[in-house]
Amino acid sequence: MSRNAEAITIFCSHLCMAEGILPFEPKEWGDLAARLMTLNYQPGDLLDFSLQDFQDILSCTEDEASRMMRLIDRSASLRFELEKYESMGIQVITRADAEYPKQLKKKLGNACPPLFYAAGDPALLNRDCVGYVGSRDVAPSDIEFTKKTVAATAGKGYAVVSGGAKGIDSISASSAMAEGVAVIEYLSDSMQRKMRDSGLVQEIRDGRVLLMSVVVPTAGFNVGVAMMRNRYVYAQSSGTVIIRSDKGKGGTWAGATENLKHAWCPTFCRDCEYPGNQELIKLGAIPVTDDWDGDVSKYHTEPVKPVEPVRKPEQISMF
Amino acid sequence: MNIGLQEIFTEANRILLETYGPGAEFRKGQYEAIEAAMTKKRVLVVQKTGWGKSLVYYICTKLNRRKGQGCTMVISPLLILMDNQMEMAGKMGLKCAALNSTVKDPAERKSILDRLAEDQLDMLFITPETLLKEETQERLPGIRIGLFVIDEAHCISDWGHEFRLDYGQIGKIIRKQFSNVAVLATTATANDRVVDDLKAQLGESVYISRGPLTRESLHIQVLPLGKRTERYAWLLDNLNKIPGTGIIYCLDHRDCDHLTEFLCRNGIPVMSYYSDEKKEEQNAEAIAAFQENRIKAIVATIKLGMGYDKGDVSFVIHFQCPSSIVAWYQQIGRAGRNLKDAYVFLMTGREDDRINEYFIKTAFPTRKEMESVLEIINKTDGITKYQLYTKVNMRPARIDKAVDFLLNEGAVRREKAGGRQCLFPTVNRYVFRGDHYDQIRRIRHMEMQEMKDLVNTEGCLSRFAVNCLDDHEAGDCGKCANCTKQDILPDLSVSEESRTKAIRFVSTRLYEILPRKQYPDRSRIPENCLLQPGWCLSKYGDAGYGELVEQGKYPPAGMPRRFDDRLVIRAADVISSWAKENGIRHITCVPSLRSDLVMEFTRRLAQRTGLTFADLLAKSEAPQQKTRENSTFQYENANNSFSVKDGPVPEKLILVDDVVDSKWTLTVCGIKLIEYGCREVYPFALADSSHLEE
Chain A
545 MSRNAEAITI
555 FCSHLCMAEG
565 ILPFEPKEWG
575 DLAARLMTLN
585 YQPGDLLDFS
595 LQDFQDILSC
605 TEDEASRMMR
615 LIDRSASLRF
625 ELEKYESMGI
635 QVITRADAEY
645 PKQLKKKLGN
655 ACPPLFYAAG
665 DPALLNRDCV
675 GYVGSRDVAP
685 SDIEFTKKTV
695 AATAGKGYAV
705 VSGGAKGIDS
715 ISASSAMAEG
725 VAVIEYLSDS
735 MQRKMRDSGL
745 VQEIRDGRVL
755 LMSVVVPTAG
765 FNVGVAMMRN
775 RYVYAQSSGT
785 VIIRSDKGKG
795 GTWAGATENL
805 KHAWCPTFCR
815 DCEYPGNQEL
825 IKLGAIPVTD
835 DWDGDVSKYH
845 TEPVKPVEPV
855 RKPEQISMF
Chain B
10 MNIGLQEIFT
20 EANRILLETY
30 GPGAEFRKGQ
40 YEAIEAAMTK
50 KRVLVVQKTG
60 WGKSLVYYIC
70 TKLNRRKGQG
80 CTMVISPLLI
90 LMDNQMEMAG
100 KMGLKCAALN
110 STVKDPAERK
120 SILDRLAEDQ
130 LDMLFITPET
140 LLKEETQERL
150 PGIRIGLFVI
160 DEAHCISDWG
170 HEFRLDYGQI
180 GKIIRKQFSN
190 VAVLATTATA
200 NDRVVDDLKA
210 QLGESVYISR
220 GPLTRESLHI
230 QVLPLGKRTE
240 RYAWLLDNLN
250 KIPGTGIIYC
260 LDHRDCDHLT
270 EFLCRNGIPV
280 MSYYSDEKKE
290 EQNAEAIAAF
300 QENRIKAIVA
310 TIKLGMGYDK
320 GDVSFVIHFQ
330 CPSSIVAWYQ
340 QIGRAGRNLK
350 DAYVFLMTGR
360 EDDRINEYFI
370 KTAFPTRKEM
380 ESVLEIINKT
390 DGITKYQLYT
400 KVNMRPARID
410 KAVDFLLNEG
420 AVRREKAGGR
430 QCLFPTVNRY
440 VFRGDHYDQI
450 RRIRHMEMQE
460 MKDLVNTEGC
470 LSRFAVNCLD
480 DHEAGDCGKC
490 ANCTKQDILP
500 DLSVSEESRT
510 KAIRFVSTRL
520 YEILPRKQYP
530 DRSRIPENCL
540 LQPGWCLSKY
550 GDAGYGELVE
560 QGKYPPAGMP
570 RRFDDRLVIR
580 AADVISSWAK
590 ENGIRHITCV
600 PSLRSDLVME
610 FTRRLAQRTG
620 LTFADLLAKS
630 EAPQQKTREN
640 STFQYENANN
650 SFSVKDGPVP
660 EKLILVDDVV
670 DSKWTLTVCG
680 IKLIEYGCRE
690 VYPFALADSS
700 HLEE
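Each protein sequence line maps, in turn, to chains A and B. Going by this note's numbering, the first residue of the first sequence is number 545, and it counts up by one from there. Going by this note's numbering, the first residue of the second sequence is number 10, and it counts up by one from there.
No lab work stands behind these hints: they were computed from the structure. Be aware that one or more of the hints could be misleading.
Which chain A residues stay away from chain B? Per the calculated CB distances, all over 10 angstroms, these [stated by the list, open to error]:
#1 Met561
#2 Gln586
#3 Leu595
#4 Arg618
#5 Arg680
#6 Ile687
#7 Lys692
#8 Ser734
#9 Asp790
#10 Gly794
#11 Lys805
#12 Cys816
#13 Gly828
#14 Asp839
Below, computed lysine-lysine pairings styled on DSS-like, alpha-carbon distance capped at 30 angstroms [said to hold, decoys possible]:
#15 B:Lys119 / A:Lys628
#16 A:Lys738 / B:Lys400
#17 B:Lys113 / A:Lys628
#18 B:Lys185 / A:Lys628
#19 A:Lys628 / B:Lys312
#20 A:Lys805 / A:Lys710
#21 A:Lys628 / B:Lys142
#22 B:Lys526 / B:Lys394
#23 A:Lys628 / B:Lys49
#24 B:Lys388 / A:Lys710
#25 A:Lys738 / B:Lys181
#26 B:Lys142 / A:Lys738
#27 B:Lys250 / B:Lys349
#28 B:Lys388 / A:Lys691
#29 B:Lys185 / A:Lys738
#30 A:Lys628 / B:Lys526
#31 A:Lys842 / A:Lys826
#32 A:Lys738 / B:Lys425
#33 B:Lys425 / A:Lys628
#34 A:Lys628 / B:Lys50
#35 B:Lys287 / B:Lys312
#36 B:Lys425 / A:Lys710
#37 B:Lys236 / B:Lys305
#38 B:Lys185 / A:Lys646
#39 A:Lys628 / B:Lys494
#40 A:Lys628 / B:Lys377
Just so you know, even glycine gets a beta-carbon here, dropped at the ideal spot from N, CA and C.
Next comes chain A alone, as it looks inside the complex (with noise of 0.2 angstroms):
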């Protein structure tokens, strides 16, 4: 690991919490990447600093400065924790590393999160991937789509890039291991309890599926942690699929919008009679039916309306 991996982990890790440890969030983290790059230092060094320098250096009040010494000195009972995961072949891959989805850093900028807990082969973050999302209830014809479209996406030589929950996201991902090709899955919980299944546990180890999260292994369900990974479904895919959305509310809705607006890939929707589908072909998603070739790269995509970027180009660090 290097200095500066080393630093995002002790800073931004949730694992090896205490009373009193309040590791940053990735907002926090980003300012912070952003302001010791303005002063000229990298994250590693904060690894040195002593309560006074974080003052003096960073202008932090002694409140702010505890925080940090007190992140800083979980650092060797940290380790413990990170080795009971890597032992069981979860690894951390922050920003600072190589590994870390490029695919996201382009797009989202500093809102990317500092780390990922991951496992698997992160060389499959390389891959060109077709995301697939929609809902947890699913009707027999969303499976006959979903296995037809993967199969489509698959010939054309996609992965399949999905959330890893229950629905259109397991049968996605199912269809793609019948097709031969390699699964991301960005999961919003319990990636330790996913790797239970002996069967999934072959397919990372044979270097099929790649498991992503946000939040630790042992995290459980968290909507805004779920709604959060839909847009790195988003951004690691050269395109997306929505088999089924409903209209104006849910998971799948928001995701979708917030691509059509930000346009980090190109929006396909299944062109059915569902109304949250219909919705989202009006709003701009370029439908798709069953007889579609899967070919996403004939399509570019422009953000409904201008934005503001997420954060201005200037800013974004590498860390």
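The hints should help you fit chain B onto chain A, whose structure is shown.
Using the frame of chain A, we list chain B on its own:
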């Protein structure tokens, strides 16, 4: 940003003076090690026992605490905090505690962890296994650690003479430890190979402090006494001629027990110490007695050694030759810490090679063992250890070993599921490291040879040893038996009388056969179906009767398979009085399809004792019991292959078998005989072949 060098120098010296008074000075290398550790470096200290390694980390702790840094965690195999350590801590005003398997009370363990979390302790001595326990791990987030000390650091090296998996696990974590965490590793016994490995593990920028290893207080003598009885006699005649109290090391706990019994019976107070779950209390008693010098010697396996720090150990005697010079030097390092003179005797015996070979052979799981276990775990979504025992035909100890290695290599993981600890497959790809294990075995063989060379050298023994530890500067010690050309103590001798006592002791020893009380599924065997306690004549293959049993079963080419008459005579002696006491009039044996060896022996025994031979049991075709490796398989195999013949069954009887191992054959035959009307079944066997450490 870090604490300045000048400040470290001033402060360290001040603490030294505060502790030891005016005029105190650091030994060569001590201050440099402190400075390196304080500047967050990785430090490796290879210095002889007594050099003052602990002073280094005591001062670092003191400095860290003054700066408001976290506590020091000393990872050490130490089971009790030694007086002088507490004393030094006290002098420095450091609060310390020890956490290990001897701290049994959960409230006490919790209180220690609480105090750490509340920042009230400056230093914690903890064993690797306790540190890795969930109970401790759960509390780590709340504990600020300023410095890691790895005592006996050679244990984290595969190339060390005493690699331990739990230590290896710690090594793995240390290797990946964040660069802002200071790590100080110390050992008194590491050759270049181990130093290089530790260097690689601690990172190339590690600061190394290495000094001369010769221990001036030690007087060394080799005693090549092949027979156990000769060594027994030597100890009986000479132990009391050696001043003070000391340690006698044996290679396995069987020898610890025998020797202890022999010496005690002959009036020399000694106690034994070795790792065994059931022995913890006795161990604590033995240590206490030894600490207070109430016994002449403590008879121990290498379990007592590392980190054991008693200043007035006056002698260390090896009953058998250790596996390597490093191991030996480590063990004799316990002697003479605070004494001007201490005495080291290295005995060698005929059995040394066999035992050392056994340890080398069983140190690693085989490819087949690893793959059999992994294959089962990989197919499950969580399996308990016990379920694994019922699915893999391997000894539990071997399954445990394979699981430990798989866990260590990250090929499987442990997680609680449904309230039970289960093993799960992991996403890490497993590759059997056969070449690596082979290489380690080759090195261990080489080290065994080095040890033999030391025994045979005519040069200085001390110099030979430290040369093997890659200290090439040492000169002759002028104190060992080779340098002085005479015994290291006056009047050493062995009397004929003691020889006779030893021979009698060895040849009249019996081994109890304790009845099994549970079926393999852990359910209880009904009280009335239990075997009575019985006797076994020998340990299979051991000198004396054990050898005769082996020869009877596997005679030299051209000789018939038959148990020697001496075995009949000895067995009859044992059985006659036993039968009389318990009113037994019948004898039977475990049948075999392959030979009538046991039957023929039992008939001779019946004739000699006047007991009536009863032919009661029948056997059907089945795999040999010795190919069944664990309880589940052994019980089933025995249960399927034995039956009771029609006809009357006596009320009480002796059940004879030649070699007993798992006891399942005797247990199953006993249960079946009792079901047919027998009330008391007394087992008797010629030899016990159950494994050494397992």
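Hint-by-hint comparison with the structure:
{"no.": "1", "hint": "Met561", "verdict": "violated (6 angstroms)"}
{"no.": "2", "hint": "Gln586", "verdict": "holds (13 angstroms)"}
{"no.": "3", "hint": "Leu595", "verdict": "violated (8 angstroms)"}
{"no.": "4", "hint": "Arg618", "verdict": "violated (6 angstroms)"}
{"no.": "5", "hint": "Arg680", "verdict": "holds (22 angstroms)"}
{"no.": "6", "hint": "Ile687", "verdict": "holds (24 angstroms)"}
{"no.": "7", "hint": "Lys692", "verdict": "holds (30 angstroms)"}
{"no.": "8", "hint": "Ser734", "verdict": "holds (13 angstroms)"}
{"no.": "9", "hint": "Asp790", "verdict": "holds (33 angstroms)"}
{"no.": "10", "hint": "Gly794", "verdict": "holds (31 angstroms)"}
{"no.": "11", "hint": "Lys805", "verdict": "holds (36 angstroms)"}
{"no.": "12", "hint": "Cys816", "verdict": "holds (36 angstroms)"}
{"no.": "13", "hint": "Gly828", "verdict": "holds (39 angstroms)"}
{"no.": "14", "hint": "Asp839", "verdict": "holds (32 angstroms)"}
{"no.": "15", "hint": "B:Lys119 / A:Lys628", "verdict": "holds (22 angstroms)"}
{"no.": "16", "hint": "A:Lys738 / B:Lys400", "verdict": "holds (25 angstroms)"}
{"no.": "17", "hint": "B:Lys113 / A:Lys628", "verdict": "holds (25 angstroms)"}
{"no.": "18", "hint": "B:Lys185 / A:Lys628", "verdict": "holds (12 angstroms)"}
{"no.": "19", "hint": "A:Lys628 / B:Lys312", "verdict": "holds (28 angstroms)"}
{"no.": "20", "hint": "A:Lys805 / A:Lys710", "verdict": "holds (26 angstroms)"}
{"no.": "21", "hint": "A:Lys628 / B:Lys142", "verdict": "holds (12 angstroms)"}
{"no.": "22", "hint": "B:Lys526 / B:Lys394", "verdict": "holds (21 angstroms)"}
{"no.": "23", "hint": "A:Lys628 / B:Lys49", "verdict": "holds (24 angstroms)"}
{"no.": "24", "hint": "B:Lys388 / A:Lys710", "verdict": "holds (23 angstroms)"}
{"no.": "25", "hint": "A:Lys738 / B:Lys181", "verdict": "holds (26 angstroms)"}
{"no.": "26", "hint": "B:Lys142 / A:Lys738", "verdict": "holds (24 angstroms)"}
{"no.": "27", "hint": "B:Lys250 / B:Lys349", "verdict": "holds (17 angstroms)"}
{"no.": "28", "hint": "B:Lys388 / A:Lys691", "verdict": "holds (27 angstroms)"}
{"no.": "29", "hint": "B:Lys185 / A:Lys738", "verdict": "holds (26 angstroms)"}
{"no.": "30", "hint": "A:Lys628 / B:Lys526", "verdict": "violated (38 angstroms)"}
{"no.": "31", "hint": "A:Lys842 / A:Lys826", "verdict": "holds (20 angstroms)"}
{"no.": "32", "hint": "A:Lys738 / B:Lys425", "verdict": "holds (14 angstroms)"}
{"no.": "33", "hint": "B:Lys425 / A:Lys628", "verdict": "holds (14 angstroms)"}
{"no.": "34", "hint": "A:Lys628 / B:Lys50", "verdict": "holds (25 angstroms)"}
{"no.": "35", "hint": "B:Lys287 / B:Lys312", "verdict": "holds (15 angstroms)"}
{"no.": "36", "hint": "B:Lys425 / A:Lys710", "verdict": "holds (24 angstroms)"}
{"no.": "37", "hint": "B:Lys236 / B:Lys305", "verdict": "holds (23 angstroms)"}
{"no.": "38", "hint": "B:Lys185 / A:Lys646", "verdict": "holds (25 angstroms)"}
{"no.": "39", "hint": "A:Lys628 / B:Lys494", "verdict": "violated (57 angstroms)"}
{"no.": "40", "hint": "A:Lys628 / B:Lys377", "verdict": "holds (27 angstroms)"}
Going down the numbered hints, you'll see the structure goes against 1, 3, 4, 30 and 39, while the others check out.
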